[in-house]
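Undergrad: Residues per chain are reported as follows:
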Amino acid sequence: MNDSGHLLDVKDLTVSFPSPRGEVCAVKNVSFSLGHEKIGIVGESGSGKSVTGRAILRLLPPYAHIHATAITFQEKDLLSFSEQEMRRIRGRQISMVMQDPKYSLNPVRTVGEQIREAYTIHRKVPRRQARQQTLEMLTAVRIRNPEQVYRLYPHEVSGGMGQRIMIAMMLIPEPSLLIADEPTSALDVTVQLQVLAILDDLVTQRGMGLIFISHDLELVASFCDRIIIMYGGRIMEVVDAANLHQSTHPYTRGLLNCLPRIDGDKGKLSTLQRDASWLDADFSATAGGK
Amino acid sequence: MSSTRRWQHWLLSDSPASPFQAAAGRTYLGLAEFLKNRLAVFGLLIIAALILIAFFAPYIAPCDPLVTNLVNRLQPLSAAHYFGTDEVGRDIFSRIVWGSRLTLYVIGLVAIIAAPVGIIIGTVSGYFGGLIDTILMRITDIFLAFPKLILALAFVAALGPGIENAVIAIAITSWPPYARIARGETITIRNGDFIKAIRLQGAGPIRIITGHIMPLCISSLIVRITLDMAGIILTAAGLGFLGLGAQPPSPEWGAMTSTGRAYIIDHWWLITMPGTAIFVVSLAFNLLGDGLREVLDPKSDN
Amino acid sequence: MLQVDNLHVIFGHGLDLNHAVKNVSFTVGQGESFGLVGESGSGKSTVLNCIAGLINTWQGEIEIDGERLSHRRPKSFYRKVQMVFQDPYGSLHPRHTVDRTLKESVNIHHLGDANLRVVKVLGEVGLGPQFRFRYPHQLSGGQRQRVAIARALILEPEILLLDEPTSALDVSIQAEILNLLQDISKKRNLTSILVSHDLAVVSHMCDNILVMSQGATVEALSCDQLRSGDIKQRYTRQLLVASKGYDRAAIDQFQDY
Ligand SMILES: Nc1ncnc2c1ncn2[C@@H]1O[C@H](COP(=O)(O)OP(=O)(O)OP(=O)(O)O)[C@@H](O)[C@H]1O
Ligand SMILES: Nc1ncnc2c1ncn2[C@@H]1O[C@H](COP(=O)(O)OP(=O)(O)OP(=O)(O)O)[C@@H](O)[C@H]1O
Ligand SMILES: [Mg+2]
Ligand SMILES: [Mg+2]
Chain F
1 MNDSGHLLDV KDLTVSFPSP RGEVCAVKNV SFSLGHEKIG IVGESGSGKS VTGRAILRLL
61 PPYAHIHATA ITFQEKDLLS FSEQEMRRIR GRQISMVMQD PKYSLNPVRT VGEQIREAYT
121 IHRKVPRRQA RQQTLEMLTA VRIRNPEQVY RLYPHEVSGG MGQRIMIAMM LIPEPSLLIA
181 DEPTSALDVT VQLQVLAILD DLVTQRGMGL IFISHDLELV ASFCDRIIIM YGGRIMEVVD
241 AANLHQSTHP YTRGLLNCLP RIDGDKGKLS TLQRDASWLD ADFSATAGGK
Chain Y
291 MSSTRRWQHW LLSDSPASPF QAAAGRTYLG LAEFLKNRLA VFGLLIIAAL ILIAFFAPYI
351 APCDPLVTNL VNRLQPLSAA HYFGTDEVGR DIFSRIVWGS RLTLYVIGLV AIIAAPVGII
411 IGTVSGYFGG LIDTILMRIT DIFLAFPKLI LALAFVAALG PGIENAVIAI AITSWPPYAR
471 IARGETITIR NGDFIKAIRL QGAGPIRIIT GHIMPLCISS LIVRITLDMA GIILTAAGLG
531 FLGLGAQPPS PEWGAMTSTG RAYIIDHWWL ITMPGTAIFV VSLAFNLLGD GLREVLDPKS
591 DN
Chain H
593 MLQVDNLHVI FGHGLDLNHA VKNVSFTVGQ GESFGLVGES GSGKSTVLNC IAGLINTWQG
653 EIEIDGERLS HRRPKSFYRK VQMVFQDPYG SLHPRHTVDR TLKESVNIHH LGDANLRVVK
713 VLGEVGLGPQ FRFRYPHQLS GGQRQRVAIA RALILEPEIL LLDEPTSALD VSIQAEILNL
773 LQDISKKRNL TSILVSHDLA VVSHMCDNIL VMSQGATVEA LSCDQLRSGD IKQRYTRQLL
833 VASKGYDRAA IDQFQDY
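Protein chains in written order, with our numbering: chain F, 1 to 290; chain Y, 291 to 592; chain H, 593 to 849.
If you're looking for bench data, these hints aren't it; they were derived computationally from the structure.
Nothing here was measured: the structure is a model prediction, and the numbers come from that model.
One or more of the hints may lead you astray.
Claimed, not checked - Computed list of lysine-lysine pairs in DSSO-like fashion (alpha-carbon distance at most 27 Å, straight line):
no., chain 1, residue 1, chain 2, residue 2
1, H, K779, H, K667
2, F, K266, H, K778
3, Y, K486, H, K614
4, F, K266, H, K667
5, Y, K486, H, K824
6, F, K268, H, K614
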């Protein structure tokens, strides 16, 4: 990858939530590092992918307990940052596309206004130019009639459109690291790939780092450089995307096998057989950077 | 020890065996959340005390609240009269104890009248939208456009003074905000998939509104009404103070402050004691409302 | 069994006028599984909503068993046609237990034996009795979707409309739900329409497929045609390439249709 060092280093990240039945550990001892590359986080639902992403940006509810040996971003120690300093990092340097776009948009303001605000909040430009920039960004994420969409309220856009709007909003401040939490799960395949191509270009041309969270192993394998596979809040393994299909970990194999295929037969899909002993094995040693 | 454990286990069970257990578990979690808020619990205790005092008024009050005794007039605080006596020699402590009944009567009746009116108008208006919504909301706007106390004054002036009329006047002026809240909630709920789903089961509007929409509006309304209780008590007291609410000699706290006004310099307890009672109860409702908001607010419901 | 002819749907007016569905026609035979594929916003959900009677602003003809549907549906209609929604988190009432959600349908139609039916249908979708009195927040996404499927099945419909039933679920749960839907369709001889943007899912589940784009029909295909690549329209071919995974070179060849 790039020689200019690591963009993000996460060491021994553990996140737990209090619950009436005691502390629930959502993420345990997760360590990884990211250069100017595309790294995928894959795993089934509830495996702690989103929590990992949010913990980096400290976007978890205040009752969450976050522990880590280190979270460094561009040589800055994010753990020591105050809430105010974090706010300056968020959006401008690290953006996150949230999993539920509709819940992350303000329901009483038009989507155009909200994207424009994301642009002007970090820079002083005339209103007209900001609007122009917004329309261009909407076009870039393959929205057909940006003028019309600009005026819509979040509840008036379809799920797929909502996701593209969120991506536009997160990319417009030109962050150096983007955490994309299932950013394209509601998009149809063509648009999904086109949106991924935009992200890809930002990585290769501007050196942006990308953490791509998804449960679609095949897609991640074809898109990302490296893949972190999570189960029950732990990292099961970290593989190079090219070597994914050679992986022997039963969990990875299970995830790969349950996908339907266009040319597959119509019989039963195989389902994932979970094994609690996966949680005990210590794979985190293999999770370092390259 | 082990029996409380067992209860807790039963309440928190992941697979309740009956609807009752499911509801109990839910309530238990809500209660546990509520009990974490010290101030809210404090508010709840005061209100519980108010209810107990009202219920046992005849046993708590040492004197008859209406019997005058001119020999004993304007007595300061003493062991015989904890809060002193008023200008015609009635025991202020007894009057405050009996007055708690009137206070509860007022807020209870207002809540019983205003809340259902508000929630019905709001949910119907929000669910159907269109013309029905426009008509109902314009009516609501008309009521909202007047200051509450002034509208209540006008009603009492027209209907004649008295505590029943004061209740009616306050109820009439307090439902519009509830209708607004219920309508707002309904509009966000209306487009939800679970409403589409129940429509697809063949449910009619009445079933949808009462069974599916109202239960989701009720929590925010309860919070709002609890917070409004303080205002209702103050309005009732204000009407009493102006001589338009409860009529003398009934021991209504507002009316008591009103008569105490004339003696404020030399005999401070006449106005201070009922005033403090109003203040404490209003504060308690506010604290309780804040606590309930944290537990019931659907946005924090996860 | 189900026939849709010249369906048009228009939302809004004036500047915001949106012709969401344009002249869509298709026929679904008894016991058949029919797939609707298309990009986001192409009007797939809108077509389903029209059939289900959730949208009133449509024009055209919808027939079930040769009977024309009007905009207002009688109660008996809902015993024939049921739907499963995309978002399992939004399609269950947050304050109702599974039991209440399921019983409500039985009560609306005065079917009787509510308890028996609930237990039976829960078993059918693979949820044990321990799930019966849970609230939705005590269920995972896959379990919620099973409850939503149970709710659709409890009225014993003949036609099941599935609006992206697995797109909010992860792949391992998707496989379980797809298997479940396949089993149930076979057992009950259900006619179903499956909306999805995942060609692999549709080709796994369906016999015939309609490809939509921007509200209009692009091409009708049989599943075998899709597998063998016997595709006439460029749009569909592009869709097929796209579902093979990320390939930067191929993406640059993509066109807007
Ligand atoms: N705010 C929260 N409070 C309590 N527990 C939480 C909270 N957020 C997440 N969790 C728990 O943390 C675990 C991991 O959740 P997370 O959202 O990271 O899963 P995920 O891998 O992103 O799954 P999905 O694919 O469904 O998005 C889950 O068990 C979840 O219940
Ligand atoms: N209730 C509505 N009011 C106004 N416009 C609507 C409404 N519902 C849908 N639309 C519009 O109709 C078009 C088709 O939407 P529809 O939801 O059918 O798309 P879809 O194919 O299901 O897309 P997705 O895959 O994103 O779910 C979109 O342009 C959408 O904005
Ligand atoms: Mg997630
Ligand atoms: Mg849709």
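Undergrad: All hints, please: hold or fail.
TA: Each hint, compared with the structure:
{"no.": "1", "hint": "H/K779 with H/K667", "in the structure": "holds, 25 Å"}
{"no.": "2", "hint": "F/K266 with H/K778", "in the structure": "holds, 13 Å"}
{"no.": "3", "hint": "Y/K486 with H/K614", "in the structure": "holds, 24 Å"}
{"no.": "4", "hint": "F/K266 with H/K667", "in the structure": "violated, 36 Å"}
{"no.": "5", "hint": "Y/K486 with H/K824", "in the structure": "violated, 37 Å"}
{"no.": "6", "hint": "F/K268 with H/K614", "in the structure": "violated, 36 Å"}
Comparing the model with each earlier hint shows violations of hints 4, 5, 6; every other hint is respected.
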